[in-house]
Amino acid sequence: GENVEQHPSTLSVQEGDSAVIKCTYSDSASNYFPWYKQELGKRPQLIIDIRSNVGEKKDQRIAVTLNKTAKHFSLHITETQPEDSAVYFCAPYNTGGFKTIFGAGTRLFVKA
Amino acid sequence: NAGVTQTPKFQVLKTGQSMTLQCAQDMNHEYMSWYRQDPGMGLRLIHYSVGAGITDQGEVPNGYNVSRSTTEDFPLRLLSAAPSQTSVYFCASRRSNTGELFFGEGSRLTVL
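Protein chains in written order, with the working numbering: chain A, 1 to 112; chain B, 1 to 112.
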């Protein structure tokens, strides 16, 4: 089955610094690469995604980069703010398949 | 659209009791799934369904049953609750040919 790993498991940064979270997957058929954000006590919500025909996608302060050859993709957050503090999950997926397996999550702390 | 609706939001059970967590979506999504999230841990897939009458097991299916009689509803049944099933349960859905998962608000279950 799909093996999904996230690193680091915890990340602490100063406000204004950048944060990078990496997701490694095993299924070479994966073609959809999303990142979800879960604030404390809330549901996970999609914040950015990328498909396999694109190498990078940006949305204001967040970006996702994809390396299909190495089977990993990364979430980049620039100019971090306290409201970025949350748990972030990756969930690489083959849109021709069915189940979605999540990474174990990365807890990001942004210190003011 | 209400999106994905889960009930109840909170439930306390005694060991051996049975209960059903309800999940309904009004987006006409073919795919529905149940995840459990334990403290400090990621989202683990319990069961999923790709359409009415079709269900399959995820990563941690033991102790749980599901059925899918309509497109809208995907209940999760605990036949004999155990303390190890204390967790937060999330229902999620998506269109089959896309990737984004839409989550319910979660159901917090405590088994004493």
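Think of the hints as simulated: they come from the structure by calculation, not from any bench. Treat the numbers as computed from the prediction; the structure is a model and nothing was measured. Some hints here could point you the wrong way.
Said to hold, decoys possible - List of simulated lysine-lysine pairs, PhoX-like, C-alpha gap at most 25 angstroms:
#1 Lys71(A) to Lys42(A)
#2 Lys14(B) to Lys37(A)
#3 Lys9(B) to Lys42(A)
#4 Lys57(A) to Lys68(A)
#5 Lys68(A) to Lys111(A)
#6 Lys37(A) to Lys99(A)
Stated by the list, open to error - Chain B is nowhere near these chain A residues, computed Cβ spacing over 12 angstroms in every case:
#7 Ser9
#8 Val13
#9 Ala19
#10 Ser26
#11 Gly41
#12 Arg43
#13 Leu46
#14 Asp49
#15 Ser74
#16 Gln81
Even glycine gets a Cβ: it sits at the ideal position worked out from N, Cα and C.
Right, here's what the structure says about each hint:
1. Lys71(A) to Lys42(A): 30 angstroms, violated
2. Lys14(B) to Lys37(A): 33 angstroms, violated
3. Lys9(B) to Lys42(A): 12 angstroms, holds
4. Lys57(A) to Lys68(A): Status holds; Cα separation ~14 angstroms.
5. Lys68(A) to Lys111(A): Given that 25 angstroms is the threshold and the Cα spacing comes to 33 angstroms, the pair is violated.
6. Lys37(A) to Lys99(A): The hint holds at about 19 angstroms.
7. Ser9: The claim breaks: Ser9(A) does not keep its Cβ more than 12 angstroms from every Cβ of chain B (closest is about 9 angstroms).
8. Val13: 20 angstroms, holds
9. Ala19: 18 angstroms, holds
10. Ser26: Consistent with the label, Ser26(A) stays out of reach of chain B, its closest Cβ about 14 angstroms off (over 12 angstroms).
11. Gly41: 9 angstroms, violated
12. Arg43: 4 angstroms, violated
13. Leu46: Contrary to the label, Leu46(A) does not stay out of reach of chain B, its closest Cβ about 5 angstroms off (not over 12 angstroms).
14. Asp49: Asp49(A) is in fact no farther than 12 angstroms from some Cβ atom of chain B, at 6 angstroms.
15. Ser74: About 18 angstroms separates Ser74(A) from the closest Cβ of chain B, which puts it past 12 angstroms; holds.
16. Gln81: With a cut-off of 12 angstroms, Gln81(A) remains clear of chain B, as the shortest Cβ separation is near 23 angstroms.
When each numbered hint is compared with the structure, violations occur for hints 1, 2, 5, 7, 11, 12, 13, 14.
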